[in-house]
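Participant: Here's the letter readout for the chains.
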Amino acid sequence: MKMTKLAALTAATMLAGLPVMAEGVKVGMITTLSGGGAGLGIDARDGFMLAVKQAGRSDLEVVIEDDQRKPEVAVQLADKMIQSDKVDVLTGIIWSNLAMAVVPAAVAQGKFYLSVNAAPSALAGKGCNPNYFSVAYQNDNLHEAAGAYLAKSGFKKPFILAPNYPAGQDSLTGFKRFYTGELAGEIYTKLGQTDYAAEIAQIRASGADSVFFFLPGGMGISFTKQYADSGVGLPVVGPAFSFDQGILGAVGEAALGVKNTSQWSKDIDNDANKAFVAGFEAEYGRLPSLYAAQGFDTANLLISAINKADVADAAAFRDALKAADFASVRGKFSFASNNHPIQDIYVREVVKEGDVITNKIVGVAMEDRSNAYVDECKM
Amino acid sequence: MSGLLLIEQVLNGLQSGVMLFLMAAGLTLVFGVMGLINLAHGSLYMVGAFAAAAVAAATGSFLLALIAALAAAAAAGALIELLVIRRLYARDHLDQVLATFALILILSEGTRWLFGSFPLYLDVPSWLSGPVSLGPIQYPLYRLAIIVVGLAVAGGLGLLIARTRLGIRIRAGEADREMIAALGVDISKLYTMVFALGAALAGLAGALVGAIQSVQVGMGEPVLILAFVVIVIGGIGSIKGAFIGALLVGLTDTLGGVLLPQAFGLFMEPSAATTVGASLASMAIYILMAGVLIWRPSGLFGARA
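Each protein sequence line maps, in turn, to chains X and R. In my numbering, each residue carries its 1-based index in the first sequence increased by 150. In my numbering, each residue carries its 1-based index in the second sequence increased by 1.
In short, the hints are calculated from the structure, not lab data. Please note that the accuracy of each hint is not assured.
Coverage of chain X stretches by chain R, computed from C-beta distances (three or more under 8 Å per stretch; other residues unrestricted) [stated by the list, open to error]:
hint: 1; stretch: 284–293
hint: 2; stretch: 344–357
hint: 3; stretch: 373–381
hint: 4; stretch: 392–399
The C-beta atom is built at its ideal place from N, Cα and C for all residues, glycine as well.
Okay, chain X solo, but in the shape it has when bound (with noise of 0.2 Å):
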């Protein structure tokens, strides 16, 4: 009697120890997959899913839902998979307002959340959570990357200009973390602006040598090919948002010779890489852009985790998340003490290969990078 009940003991301390594997991990994806920002969400997505299709676990399942870029719809999102769906895991959110509204509470309530886009400053720092992991960059990275290029090219004079909403300061705060110069000028135009005409006449006006713009979306698009049509011609530099694979199509070759700022780019020379951009090509049949590259890093993060540890035991998966233990497509990736990557940043030329516009690599911007926000997190 008292062999049996010890071995049953056993048995179950012996189970509970071991990953579970019938029960498996659930994955709720919260991004844009409808409106003006749907390109996005669906390029995060699907890089996310090739990395699970190809991984052929039945243990993990994904739970995807559209968040129409509103924040209201991604709480509700977030309540539904955590409270019906009861996910693990949450990730998907592409805009940094929607992650502002559900990253919180999500961690809060013991989930973790792998950030594929969205890295606000204010969840690096003091608000940074140990169940939360950037798996992009943070928000700052490829502005202030941006802002050291210029620096180390000599340029003497930038014009630089965003959007007036807290990305676009964060961006050219960032930029000036790195370029300590002279500025021409600095201007915050109206978000969702669509005409820059008064913009590129202050710039041409200014005797500025260089521009530096963090436009995303089709702010980006217009300003680019309204400043190649104006024929101002200084060298342009941004982050990579306005110049990524799903807009160069939009701009055209208006794009062509811009310097842009991206810690990924589909030339990186590595094994990974070009099993993914093969791989994501044939699957979809179009060039893999920097958020289908984040998804599937993301995945393959999460993925590695599973391998290692049971999901149940937040803190064993938490390490193992940390270590960040996979091929990353960008190469070298590891994490800071407070989850956000530690990865070197390329600067990007925007060129023609036969009939196709898109970005090869012409230099390192800065090696390495971490974030300025490593010290205020006490996690």
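Here the structure of chain X is known, so what remains is to put chain R in place on it, guided by the hints.
Facilitator: Chain R only, in chain X's frame:
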């Protein structure tokens, strides 16, 4: 700021004003003649731009693209009027807003379904690209062309309203709907024509502007908000009011964005001045609207209060 730069910025304001007029003209006609609030007007702008981008990609001709934009937007407008809008004339404004808001969602997702989620490519034709010299000013030729086209359309529309039989009916429709119906004018045909005309103008604006901006789903809504500001300032139903209002809004928006940050720079440190100036500049047109409404509660040329 130099005088030359100021002249260039005035041209920019004028250009954005005439494009706004093309949007606002249709909106104000529909509101004035049929008493209908059409939130889906911005979607017709998008339809024009997408039609132009598709035809330009297929044929390579910008003129054909413009014609396609006019035709597609007019056809979409006529269809919408026949299928949906016609049922809304007798309803109150809340029902109209609900139904036309639904149209925005349907047209946006329909366009996304047809053309995909990524922005389309539509560029300035080579014979209109690049800057030209206007004396000492370098100004993009395409923007000059937009100003000329916009002014020509405004003139044509003015003549249409003032001198033609259709114009007389439109004005009569604005003044007294029941009476012109009683006089034997086929009011439903008139409504379809006015709606299609407004839609065609929005489609033309979408195609012209799409070439220098981005052709993507949802591109019409920001313009729609500005167009509403324009018709409120100009007086609802007045083409002349829409024209003056559009130029006022275009100039205020452009010059405000340039001058306000500089004005604040005179007594504030630069980065604070750009932030404050930029914030105030985004409010400038609404402040203008509020000012006009205080002075003239029914707008500059509004007939009815």
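Participant: Against this structure, judge whether each hint is valid.
Facilitator: Evaluated hints:
Counting residues of the stretch 284–293 of chain X whose beta carbon lies closer than 8 Å to any beta carbon of chain R gives 0, which falls below the threshold of three, so the coverage claim is violated. Using a Cβ-Cβ cut-off of 8 Å, 9 residues of the stretch 344–357 of chain X lie near chain R, which meets the minimum of three, so the contact claim holds. Counting residues of the stretch 373–381 of chain X whose CB falls under 8 Å from any CB of chain R gives 5; the rule of at least 3 is met. Here the stretch 392–399 of chain X counts 3 residues with a CB under 8 Å from a CB of chain R, which clears the bar of 3, and the coverage holds.
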